[in-house]
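So the protein sequences, as listed, match chains E and U. Just so you know, we're using numbering that gives the first Met the number 0 here: the first sequence kicks off at 0 and counts up by one. Just so you know, we're using numbering that gives the first Met the number 0 here: the second sequence kicks off at 0 and counts up by one.
Fair warning: there could be bad hints in the mix.
[As the list claims (entries may be wrong)] Counterexamples of contact, computed for chain U against chain E with all Cβ distances above 10 Å:
1) Leu1
2) Gln232
3) Ala403
[Said to hold, decoys possible] Lysine to aspartate or glutamate pairs mimicking EDC-like chemistry, simulated, CA-CA at most 20 Å apart:
4) E:Lys320 to U:Asp446
5) U:Lys136 to U:Glu89
6) U:Lys268 to U:Asp187
7) U:Lys105 to U:Asp84
8) E:Lys287 to U:Glu89
9) E:Lys293 to U:Glu89
10) U:Lys387 to E:Asp156
11) E:Lys320 to U:Glu492
12) U:Lys387 to E:Glu216
13) E:Lys293 to U:Glu19
14) E:Lys293 to U:Glu18
15) E:Lys320 to U:Glu521
16) E:Lys287 to U:Glu18
Think of the hints as simulated: they come from the structure by calculation, not from any bench. Ideal Cβ positions, reconstructed from N, Cα and C, are used throughout, including at glycine.
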Amino acid sequence: MLEALERIQQEALQALAEAQDAEALEAWKVAHLGRKSPLMQVFPQMGSLPPEQRPLVGRRANEVRQALEAAYAERAEALRQQALQQALESERLDITLPGRRPPRGGLHPVTQTHRRIIQIFAEMGFQVVRSREVELDEYNFQLVNIPPHHPAREMQDTFYIDHGGDGEHYPVLLRTHTTAGQIHAMRAATGYTGEGPLPADPPPLRVILPGMVYRYEQITARSEIQFTQVEGLAVGRSITFSDLKGTLTDFARSMFGPTVQTRFRASYFPFTEPSAEMDVECFLCGGKGCNVCKYTGWLEILGCGEVHPTVLRNGGYDPEKYTGFAFGMGPERITMLRHHIEDIRYFWSGDLRFLEQF
Amino acid sequence: MLIPLSWLKDFVEIDVSVEELARRLTLAGLEVEAVRYVGLPMPQGPRHEFKISGLEWPADKFVVAAIHEVRPHPNADRLVLCRLDDGEQEHIVLTGAPSLLPLKGKPLAKPFKVAYAREGARLYNGHAPGWELITLKRAKIRGVVSYSMVCSEKELGISEAMDDIIYLPDDAPVGTPLADYLGDAVFDIALTPNMARNANVLGVARETAAILGKPLRKPSLDVLAEGAPIKGQAAIQITNPDLNPRFMLGLIRDVEIGPSPFWVQMRLKLAGMRPINNIVDATNYVMLETGEPLHAFDYDVLVERAGGKPPTIITRTANPGEKLTTLDGVERTLDDFTVLVCDTAGPLSIAGVMGGEESEVTENTRNVLLEAASWNFINIRRTVQRQKIASEAGYRFSRGVHPAVAEVGLRRGLELMRQWSSGTVAKGFLDAYPKPQHDPEVLLTADDIARILGIRLGLDEIADLLTRLEFACTPEGDALRVQTPPHRLDIGEGIIGKADLAEEVARLYGYDHLPTTRIADELPPQRPNPALAREERLRDALAGLGLREVITYRLTSPEWEARLYPPDARDAAPAESDYVRLVNPIAQERRVLRRSLLASMAEVVVRNSRHSPRQALFEIAPVFLPREGDLLPREPLRLALALTGPRELPHWEGADTAPMDFYDLKGVLEALAAALHLEDVAFRPATHHALHPGKCAEMLVEGEPVGVFGELHPAVAHDLDLDAAPVLLADLDAAVLLSHVPDGHALTPISPFPPVREDLAVVVDETVPAAEVEAVIRKAGGKRLVDVRLFDVYRGEQIGAGKKSLTYHLTYQDPEKTLTDKDAAKIRKRIIKALTRELKAQLRA
Ligand SMILES: [Zn+2]
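If we strip away everything but chain U, and leave its shape as in the complex, we get (with noise of 0.2 Å):
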């Protein structure tokens, strides 16, 4: 929203300087997100609270000036000499304005006045593209001096038009500091929803005015109103009261069309707005200063429309298919919610959006009957969603525009067109009001504003500070009654509206006034948290196993994960039916909500791949599995892990550098169960899709599966590009595997005894898995055996074929006494009888 101030001091008297007002209105909820200064001085030092732009006019560079004569340049066509009074002094000017051209050594009937740029002055290039400051210096073209300018609106910063010069009014008075005469600084006001009755000029001067504690002049809302009454010209024929609750019409005759003038333009150019005519203006003009947007038909089209009757306005929803082709040029299909401006001919208007191509305004237009209307807003924004349509008026009415509005846009916009066109307008309006606006009474008390803000105001004070917005207050016993204005849509009936008051009264208060302090409330039971204790318990012993935590996309593609399946068995992959899909996605690729993690880790590793050789990464997050019947899917977390590449970055004295494998991602899984203290972990041979089926574990704990881990499948590797070196990846159900955590653990006493060390080789089929050969080891070793260790395993000529040798350092102690030669004996015994008996090993020498 962009309000220049000249227009805000039409409403409201304005001490302070345009930064602190600035910084004043976003402190009050209305952000001022940028400046631009039009010829005002701008601020100094590197500090701003808001975006500055623009151009200052210093007064002695920039000023009025008076043209009395355009002579021809001596050695150029293109190029004029003006002869040029500053107020000082008469200058001799060079321009090359195309519109003096043609006045060349003729006399002229009056002098132009003009924006005049002494030696010295700094502005905008007006003959390239872009915003370049230049410096205006002494040289010499095509033989003459030139040392000064006289102004387009480009080289002043008003406007991007540079192909003719600016020509101020004929009363300007020469000399004038040209800041002084038409200096200005626009404020870019970024509004929130509730905010939209500000969304024009007259409501920022009402806030502007209660937070400087200043009175609001409202503008004057007489119509010198001449001619013949507009009762019987038309007719207004509301159907739905609900999504039209107000329509009205006046009517002016014999307009002259022509341009508006020189300052209504100006205010226009600087809100953002191209000027057209004095009557298309008149209608932008009240929008931006009413909020009101009004809609400017040509009656005597309307009327040959009716046969030459007086035309009947008819609101309605539009029937099914029907079009109509907007000012902008485009034929729209019209839904059934659309409400449509017609006559008994057909369509006119999208009601309270954009106008028809037929009706509107032309240079041959003599009699103009204006709407100003009320629409549900709802309603109006689905029409603009639905139509694509970006207008000013679909912006405001989608916003919210109270009915009383209607009357003051309609009131202010016949006077300026009278004013502007030499129109006469007819007495009287047609009012069609159905459903008035209930503007909603509050009572509200000191102890109300207490319990919301926490400050205790005198009811004289929150009436004072509610009345600066125009809220009527009446006592009434140890309350206020208080009656919200004619303009406002967002304050709530009942407990509500007392909220809704308490923001005005602590936007006008200032929210940096009102006291900071600790709850005094009582504090709610605390409760501890067990999973998200023991997830961050999860998290910190991976990171603390050197694995680095990311966390990545939750949006994936089918096809995506579909890649973590081999080329040959990706009819096996989930459908799209089998995802929680969005309905608009931002691209393919992230079109559906993932189901496993690992396809999200593989990209990382991939991306990861081309910088990073040694990878060591875990992610904790859910994923997203729709449930037959029921609306949303289930979140279950998963925890994802990925290794790949050295097991050691080299050193200079020679490292670990081999490729890690199963069994590094293998300990990584044991380290983590020793780190969460989970007994009972044991680890099966599985398959998964994504995984090498030789190479692949699932990891139980207390006998319950919590997933599964291995080395990434060849082929899916070759597919991913990733076949360097293995990729291990392991995915779990982080919600199973941390139920095991338990809550607390009992140490083992440390024995004060010495332990007895030796080492046991045993030869068994290659087909014996070799946690069988612990389990006998551990069973048959009783309490004694403390520890057992497997370090070293041999397959050769030796042992025979398929058979292989398991060695073992095991550690035997008791908690009571030290062993002796003979107790140790007798373990180790014990443990080589279960082990030929079960296992079929053997002994080796």
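If we strip away everything but chain E, and leave its shape as in the complex, we get (with noise of 0.2 Å):
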């Protein structure tokens, strides 16, 4: 008996070892420890034998069923992990094949500069006022110390509103710069209405005014009947020169780079005095010269100085108490500048080629 069980589990490990499939292994199952295995055949002539062989052989028989279903447990592992490893290698994708993209949005480049500066600004307390785009000589002219015929009216060349006018001068335009928003701004802190005694001690202000301006120019890579501005107004009871400096060198920084260098030029703007121009050292080619700078290594960025004192008092603050400064720039010529734009025209053309590289 003992030795039929050394045959049985003999015969069965060789066919188990033939089994190459999961239909194989399942009929060697059947075949070898089934109901009807030789095996288990065993089991029922146990009876047949002497007692005293009973205890052995029994015990022998579970042995050898313990290894056949331990090699058959073995075996479909395996057989697994094959038809796994099979299947792993005939499923292997070209990962080079283009993927399935979502159509991609996104916001115009011009919004994308507008509220980086304006997020730096707003770190220093600078809170967005915005102010119409058809505006009154007065607003953008006159209260920001520029009267009929003065000479900084050609340096803004001006679209007019054929509304009111007698055929020289006309009260209503399209702003030619952002600035038309400072007296808004500054009423709106003081309460001033522009006429009547200043307001004794009216709180100060920082605000940015952002906006679309428009100027009478022709259509080329260089220039644009309408662009947008960024501009900043401080007003309070010790805002001077040197806190301009340090404010907008600090915008340069968070802006450009943490290194980039800053210089400030005279310059003259009827509505700041003194007047300045900030330069920042060419981002592009760190001030060695190259064609965006011009072989200047500087970048002309921003327009700033103190406020002017008539700005100061149309605004409502009385300038023998309040100083302030005010700066302004064109996010598009940035924009320009730190991707290599050469043509401004795109801005506006809504041209996806242009603005799908956003």
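Each chain sits in its own coordinate frame; assemble them with the hints.
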């Protein structure tokens, strides 16, 4: 009997080695561990054995069964692994084929530049104020110290609106700069209406005035009839030209890089005194000279200055007690410099070949 | 403004390089845009802070030389051979200079001093147009060896004159490097309006002296006047002192009209003016030097016009319709504000702008009456703009010239005319100065400077800086009394004057030397800006939904906006008068402000359709609507969307490339509403001139209409050549839309209990809108019905004509317990009952 068990085990293990797939494995299980298998036939025959042999044979038969079951499990696992390997191999993709791209939207580059600028100044306490685009001559020019026939009007060729003019003067225009919003913002803070005594103790003010402005220009690669500006205004009891330099240098470093150098040059704007232009060391060549900075090493970034006493007064701040600074810059120009854009006309074209690069 | 370095050096010692001076002028607000080198060494290296141009004359290549003999060329009639001494040796130099041809073989009275370029010199090609650089090489020309050249102005880069060689003054020292004798550099300075006082050499010299800390050597104002006095020889009559605060006359007799000295002509050319004759050149020279435009009259013409008597010069505004032919040959009709310089016989010139033809100086002029005046700059500005005259005098007078400069100019002009024309200056001037200029005095303290600039300077430091610019500073207690010098019109009174002086202090102290500080002042109250925050959320949401933001021209034309109307309905389009119109448009197609974003959007879609088949765009911008009885229009903020082209771009494994339709746009709006957490969003059929009448809807939020959307009307699409694929457009009121965005929203708790899902198919009449079916389902389903999703719409024979079948996924869930089959069946029954009762719906098997 024990010899028969040895033979059963050997034959079964031999047969198992030949089972190459799940089907053969199942057939083997039926043949060698099933109810009708030789091994299972051993158990009913046990009763016919002499009693002293029964424990021995019984133990041995169970050992064989366990051995076969273990061998089965091992073989099954091996076959599963083999099948998985085959499957993984056969399912290999050409990962260089293009993926399925969801349509990608995006913000206009000018919006993105505006947001950067606004965010940097927001951290310094400047809050956004917006104002109208069709503006009165009074706000765009007169109240910011540009009376009729002032030479500075020639610096800003103006689109006038056909409403209420006399052929030489027109009271309504398309704002030529966001400076028009300075008076609105100051009067909102001071409550001054333009008449009567100046308010006694108006609060300080820090605002950013972004928006579209318009100039009478030919549309070329370098000039546009509409473009955006971001202007800033700070008014308080002791806001100095040195504060202006510090604030704008901080801005330049946040915007263009922590080590960028700035340079302030004397300049002229009717609404500031003293006035300056801030140049930033060319961030493309590091100041060595390249075609973007026209080999000067500097990029003109913004105009600025201490707010002119007349403008402060028109806004409701007593210029004997208050000072302030203002600055203005062109986000399109900054965007063009950063991205090597050669033609300003791309911005309002809506051309997807341009916009999709952002 | 072109300023030659050599001229500046008449008035100030310059011990820094051309480049350093240009840099320091620029930092002080006189922006040097370009430097033209005329012989002097040019800077090396790739970086230079201004544009550079011109030609360098190396000392070993360009020298002063003398021609001693002009010989004929053996083989060419139009060439000559010059025996020339360059200080080192004699050369035979070939030239075709026309002025030398007649001198062939003749003895010369004196040697000619010329500019000589040696072999290997690089210079401009004098025989070709443009500015081509060539190098002198040894060659045989018609059998004679040539290796060097006697130069023309063009070859040296002085001017465009190339028809003859330059003749230097007789005292030019032979052998001297030409750059030392004649070399120069010309600064091209862009002057801001407040710098009008510096539109002349003396002004730039004053700034240079102040910047470098050197003394300013002003030109002498002495006049050698030896002729009979002017008194009684002419008279002045000013009718409007506001427009003509000062008028001066001087007289010089027996002038000999001829060319100006060589160096005068050189300076005029470098400063961009053409030499004419010694009298006209003197007026131009003095204008360039001092900033005072002068006008020279032929005195004898004026006497003749006055009937042989001494002329009276009258300044007055023009009479209605009065005409004058100016020096440029144009007959001009004058405005009533135009000031004329007249005599008793009529107008002579447009004051401060341009002279008349009749009284100008000619070759035959013997006696010159010289005008130096002062004019109201605003009035001159109006005149210049109205008459469209670009003159040097008009440029200066329209920016302001101080009346005191008139006397400087008159004295300098008479003396130079005397020196250059051998005339005799009459003693004295006529000077009418009815409206003396008030030069402001400002009381300035160290506190004022600290308050504005943020730096504490001593009064002596402040006084030192201001004195350099000729402000007279007198200490007065803890202040300085600062007197504005009599050439400046840009300094105000009181607090404005303090700011003006602070700028002068800052400029000379150096903007770069001022401290760099952070604002120490009180921080203003920080307030939220919900309108902006919501607008930016809207932008982000749309970009997140796959749309591209565009920004388009706000200027358009009524015709273009009318193209959004079907061709047979354009009568309904807004009229020109409904628009905000420009007085001075740059082009007809940009002459009004837009009333709608849709036409701008269509413009972009049309342009993109040539290269981008799939477009998904949005714009957030104002439109402009005139208001009755108000100068200013309304500027409501709008939102426009556009979709067109395939839903998905083709993909190698297949994609939904069907063209986008109404429901794609509606889906964007639904998703947008979800992103903004809008509540109670509804849609109803609508009409809009630009949209397909059957594919157009209105969007409502909390019952308020926010705008319309739909498919572009086929007739409009055809007219715009956009019929390749449907174009979906939305035109929404962004302000209204954003007004419904809640500040916050509460979360619906997530139930831990499993949902029950089932499908429900109902058949309703075709006329019943799907939204109504869903509304009934939701209402009947109650709180436990947490989701309703339509996933199939079927029309066909099985259900009969005029009917449609709608199949919904329904999800039931309770936050407190697991729903049983019985619970679900109860809800379902309620829904079916309601549908049957309210919509006569039938359950579909
Ligand atoms: Zn660069």
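Consistency of the hints with the structure:
1. No Cβ of chain E approaches the Cβ of U:Leu1 within 10 Å, the least distance being about 20 Å, so the stated non-interface status holds.
2. At roughly 37 Å from the closest C-beta of chain E, the C-beta of U:Gln232 stays outside 10 Å, upholding its exclusion from the interface.
3. Every beta carbon of chain E lies more than 10 Å from that of U:Ala403, the smallest distance being close to 20 Å; the non-interface claim holds.
4. Proposed proximity of E:Lys320 and U:Asp446 is supported: the alpha carbons are some 12 Å apart, at most 20 Å.
5. Distance restraint check for U:Lys136 and U:Glu89: the Cα-Cα separation of roughly 18 Å lies within the 20 Å cut-off, and the hinted pair is therefore satisfied.
6. Between U:Lys268 and U:Asp187 the CA atoms are separated by roughly 14 Å; this keeps the pair inside 20 Å, and the hint holds.
7. Restraint check: the Cα-Cα separation between U:Lys105 and U:Asp84 comes to about 18 Å, which is no more than 20 Å; the hinted pair holds.
8. A C-alpha spacing of about 47 Å is found between E:Lys287 and U:Glu89, which places the hinted pair above 20 Å, so the restraint is violated.
9. Only pairs whose Cα atoms come within 20 Å are accepted, and E:Lys293 paired with U:Glu89 is rejected, the gap being roughly 45 Å.
10. Proximity of U:Lys387 to E:Asp156 is assessed by CA-CA distance (about 15 Å); at most 20 Å being required, the pair is judged to hold.
11. About 17 Å separates the Cα atoms of E:Lys320 and U:Glu492, which keeps this hinted pair within 20 Å; it holds.
12. At most 20 Å may separate the alpha-carbon atoms for a hinted pair to count; U:Lys387 and E:Glu216 meet this at roughly 18 Å.
13. At roughly 18 Å between alpha-carbon atoms, E:Lys293 and U:Glu19 fall within 20 Å of each other, so this suggested pair holds.
14. Annotation: proposed proximity of E:Lys293 to U:Glu18 holds, straight-line Cα distance about 16 Å (limit 20 Å).
15. Of the supplied pair hints, the one linking E:Lys320 and U:Glu521 holds, its CA atoms being roughly 14 Å apart against a limit of 20 Å.
16. Taken as a hint, the E:Lys287 and U:Glu18 pair is honoured in the structure, with Cα atoms around 16 Å apart against an allowance of 20 Å.
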